[in-house]
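Visitor: Letter by letter, the chains look like this.
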Amino acid sequence: MAKTSARDFTTKELIAAFIAHQVRDGERVAVGAGLHVPRAGILLAHLLYCPNVRLYIVMTFTNLLKEPRMEPFYTVTDFRPAKWAEAYVLHDDFQENPRLVSNMFVVGALQIDPYGNSNLIGVGRDYHRLSFRGPGAVGTTSMAHYVDRYYLYVQSHDRRIFVEKCDFISTVGWGEGGPDGRRRLGLPDNGPIYCITPLCIMDFEPQTKRMRLKSVHPGVTVDDVVRNTGFELIIPDAVPETEPPTVEELRVLRERIDVEGMLRR
Amino acid sequence: MSLERKSLIIDEREAASWIRDGMTIAIGGFINSSHPMAIVRQIIRRGVRDLTVIGPASGGLDLDLLIGAGCVRKLVTAYMGGEHYCPVAPMFRAAVERGELQVWECDEGMYYCALRAAAQRLPFTPWKAGIGTSFPEVNPDIKVFPDPITGEPLLAIPAIKPQVAILYAAHADPYGNVQHIGTGFGDRALWRAADRTIVQVERIIPNEEVRKNPLATSLYGVDAIVRAPYGSHPFAAPGYYIEDAEHLREYVAAATAYAKQGDRGPFEAYLRKYVLEPETHADYLEVIGIRRLISLHEY
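Same order as they appear, the protein sequences are chains S and R.
The numbering used here puts the first residue of the first sequence at 622, with every later residue one more than the last.
The numbering used here puts the first residue of the second sequence at 4, with every later residue one more than the last.
No lab work stands behind these hints, which were simulated from the structure alone.
Even glycine gets a Cβ: it sits at the ideal position worked out from N, Cα and C.
Misleading hints may appear alongside valid ones.
Pulled a few chain R residues facing chain S out of the computed Cβ check, cut under 10 Å [what the hints assert, rightly or not]:
#1 Gly63
#2 Met83
#3 Gly84
#4 His87
#5 Gly135
#6 Val141
#7 Pro151
#8 Thr153
#9 Gly187
#10 Arg191
#11 Ala240
#12 His250
Non-contacting residues of chain S with respect to chain R, defined by C-beta distances greater than 10 Å in every case (computed) [unchecked claim]:
#13 Arg628
#14 Gly647
#15 Asp713
#16 Val837
#17 Arg872
Here are a few chain S residues that sit away from chain R, every Cβ distance over 10 Å (derived from the structure) [unchecked claim]:
#18 Arg645
#19 Cys671
#20 Val775
#21 Arg781
#22 Ile782
#23 Asp844
#24 Arg848
#25 Glu853
#26 Leu854
Kindly generate the complete structure, drawing on both the sequences and the hints.
Guide: Written out as structure tokens, the structure reads:
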């Protein structure tokens with residue numbers, strides 16, 4: 622299939638297309654409400670590449686292939702998309718087998734360290750005197766543990782987020798690093814695959830499991846990333862630009878998924 | 004002896020009178036939906052103190068209001084925010100940062116483990132997710148122990164038992180048969196774990212209606228039913244109304260003035276206008292106004 626790259630797109634649309642390429646057909650995928658960009662990316666994958674994906678969306682399971690366009694929804698409790706439901710997910714059942722609701726997951730963070738360990742609890746040395754109290758781990762600790770693959774996603778990229786050491790760890794990444802960083806903790810080898818930010822995509826170098834720059838978004842330099850990261854990143858000799866969305870991806874994003882233009886603001 | 008079946012319907016004042024200082028209670032729903040607000044507001048009016056509150060797996064601004072009103076000593080939930088209304092619940096944030104509120108730190112998986120252990124009268128539920136994290140350090144109730152089968156580390160998530168669970172659902176008959184519209188989120192886990200359960204509903208339905216479709220009965224044998232139309236306001240009620248976005252923004256602005264600037268005035272004004280001055284749920288609905296209420300349709 623010939624791919625034509627789009628020219629005019631936002632960074633959010635670029636990231637949505639990148640996330641779309643992580644989804645595999647036939648698997649179960651949780652679509653959160655709060656993170657608009659990963660949500661759009663997963664729906665894009667479904668409509669263009671993964672007709673058999675099982676979508677976990679606002680506490681229901683469904684398939685949206687035949688929906689001409691997505692109604693906007695803003696919260697995980699918005700009952701209106703329940704009209705799409707093929708099944709209800711009782712939230713307390715999620716603990717019975719978290720893999721029944723998703724094979725992949727996107728984890729947000731207040732802080733991320735070089736090994737992809739992340740923190741949603743709060744910022745401050747003393748847990749009893751936090752300088753910033755975060756929202757809490759939500760389901761990230763358990764979901765990241767049980768899914769096949771998880772991805773870190775943050776909506777800004779600066780030295781407050783990318784730190785040498787997290788004040789607290791709510792979702793374990795590659796532990797203290799090394800090829801067996803997770804196995805040493807007694808954990809399976811399903812640490813974070815990529816860390817996705819408004820500046821770049823990063824992966825984890827296989828031997829050290831330290832974060833490594835994979836690609837920079839159009840208009841961003843390697844130096845921009847280094848300057849805004851509070852630890853030493855592994856920088857390969859050649860750092861490509863993040864692959865732009867195709868014309869078709871951008872059209873489907875704008876006409877069927879992001880009708881309100883949240884990714885264009 | 005009378006052989007009449009007894010109605011379990013009580014009003015929100017009687018329901019709130021079950022809740023006394025220092026108790027462990029649970030409040031159901033999920034973030035912006037399905038909270039038993041008529042009872043929550045009445046608990047605040049009564050000035051109950053030092054509660055341990057088990058929220059839903061992910062808590063919302065109903066709990067934030069209880070915290071701001073000074074009712075809560077300790078909170079059990081894995082998230083406190085309002086999604087796009089506010090990333091972190093403001094009074095929660097302020098109380099934790101000032102050292103005035105204890106948090107039983109957990110994620111949603113650990114939260115359900117604690118309720119399951121309580122329901123099964125077990126000391127703990129074993130859980131793997133969370134090994135290598137800070138949870139055992141910031142929540143000393145969670146212990147790391149070696150799995151007796153493989154020797155690998157596991158977490159022991161201790162039981163947390165609500166003395167009273169206060170839930171919200173669409174319908175119930177007078178005898179404690181409850182039917183949610185939608186999924187009911189994690190309400191069943193709270194009901195299974197609790198000693199007693201009160202369910203506030205939008206509408207009381209006849210027992211015959213329940214018998215038409217017993218599969219729809221999501222909770223049975225609960226202890227009391229409270230009828231409160233529009234009783235989840237300002238939060239959503241599946242099948243009845245969406246959340247009141249304008250009201251939630253008003254709340255968030257008032258609470259944020261305290262969290263960010265230390266100005267308690269706007270929150271106190273909110274509390275007076277919407278909680279303390281209206282004496283009953285009906286008075287509260289009059290303050291909100293019929294036009295606003297009927298504008299919150301789902302279509």
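Visitor: Could you check the structure against the hints above and give me the numbers of any it violates, in ascending order?
Guide: Violated hints: 7, 12, 15; rest satisfied.
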